Amino acid sequence: MMAVVMDGKELAQTIKREIMGKVESSDITPGAASVLVGDEPSSKKYVELKGKDCRSVGINFQTHQLPKDVSEEELLGLIDELNEDSEIHGIIIQLPLPQKLSAEKVIMRVDPAKDVDGLHPYNVGKLWLGDYELERDLVPSTPKGIMELLEHYDVEIQGKEAVIINRSNLVGKPLAKLLLDKNATVTTCHSKTKNIEEHMQRADILVSAVGRRPEFQITENMVKEGAVVVDVGMSYINDKLYGDVDFEEVKGKTSHITPMPGGVGPMTRVALLQNILIAAGI
Numbered sequence: 000m001m002a003v004v005m006d007g008k009e010l011a012q013t014i015k016r017e018i019m020g021k022v023e024s025s026d027i028t029p030g031a032a033s034v035l036v037g038d039e040p041s042s043k044k045y046v047e048l049k050g051k052d053c054r055s056v057g058i059n060f061q062t063h064q065l066p067k068d069v070s071e072e073e074l075l076g077l078i079d080e081l082n083e084d085s086e087i088h089g090i091i092i093q094l095p096l097p098q099k100l101s102a103e104k105v106i107m108r109v110d111p112a113k114d115v116d117g118l119h120p121y122n123v124g125k126l127w128l129g130d131y132e133l134e135r136d137l138v139p140s141t142p143k144g145i146m147e148l149l150e151h152y153d154v155e156i157q158g159k160e161a162v163i164i165n166r167s168n169l170v171g172k173p174l175a176k177l178l179l180d181k182n183a184t185v186t187t188c189h190s191k192t193k194n195i196e197e198h199m200q201r202a203d204i205l206v207s208a209v210g211r212r213p214e215f216q217i218t219e220n221m222v223k224e225g226a227v228v229v230d231v232g233m234s235y236i237n238d239k240l241y242g243d244v245d246f247e248e249v250k251g252k253t254s255h256i257t258p259m260p261g262g263v264g265p266m267t268r269v270a271l272l273q274n275i276l277i278a279a280g281i
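Each residue of the sequence shown is one higher than the one before, starting from 0 at the first, in numbering that gives the first Met the number 0.
Keep in mind that the hints are not guaranteed to be accurate.
As the list claims (entries may be wrong) - Derived lysine to aspartate or glutamate pairs resembling EDC-like cross-links, with alpha carbons at most 16 Å apart: (1) Lys223 <-> Asp203; (2) Lys99 <-> Glu72; (3) Lys176 <-> Glu214.
As the list claims (entries may be wrong) - FRET-style restraints, in silico, Cβ to Cβ: (4) Glu39 <-> Glu72: 19 to 29 Å; (5) Gln64 <-> Gly210: 18 to 28 Å; (6) Lys99 <-> Met1: 47 to 57 Å; (7) Pro97 <-> Trp127: 21 to 31 Å; (8) Ile195 <-> Gly76: 22 to 32 Å; (9) Thr13 <-> Leu128: 25 to 35 Å; (10) Phe215 <-> Gly251: 14 to 24 Å; (11) Lys8 <-> Pro40: 19 to 29 Å.
By construction, these hints were calculated from the structure, which means they are not laboratory data.
The structure displayed is predicted, hence computed values, not measured ones.
From the three backbone atoms N, C-alpha and C, an ideal C-beta is built for every residue, glycine too.
Sequences are here, hints too, so could you generate the full structure?
Written out as structure tokens, the structure reads:
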């Protein structure tokens, strides 16, 4: 079987060009602000990438870096200021926060209309009640990017068995709802799932977001013939990036598969830009 490699990098570039056109023709200059607590290297790198992405399409981007011992009161005060700032349309809280800070309280403080990560209970509630459209509402970037990738490659979802190996608020839970709303039969697996390979082997659509390679690695015998495989997991081994899926081994058994890198990652990044434009009303 000749698998279709779902090229997220190429599709993301096409979407970025569309975003640039919208920004150029709009009277509004979209603005986003990232709130970073501490100086954890990977978090700093993610914020820098988000800033680079935003600026590349004409979105103004600010980074507010606070010391890791910042008080909750000071952090919430900054969010209040950003909520009131009419030039800031999107607020990005870089997670995880230091343990002494309540991520729930911080996310709750963000104006739902500026919650471009789609984590505020208002936006989560809209998603779970089915009161949303991907084109006009704030849905977490990775699930949104995955759905756009599946749609672009004409992957049939209705009536299919979808298995997601992840139950986080950023990926697994919202993606399960998006697939459910497209009439898939969805199974969510996690670290306590028994006989996980049995679930994987019956999946028409398999999405893995574990990021614990080599302890967890998807090989050919775990995948159904003709399955669609979406690899979200990221593991660094000797400074090289790997996904959850053994791409070369699994590819021949699938109908569609995402590469790593160049699959879901670019779609996640461009979906955040789309959310900022939604928040700006563009």
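Those earlier numbered hints the structure runs against, lowest number first: 3, 8
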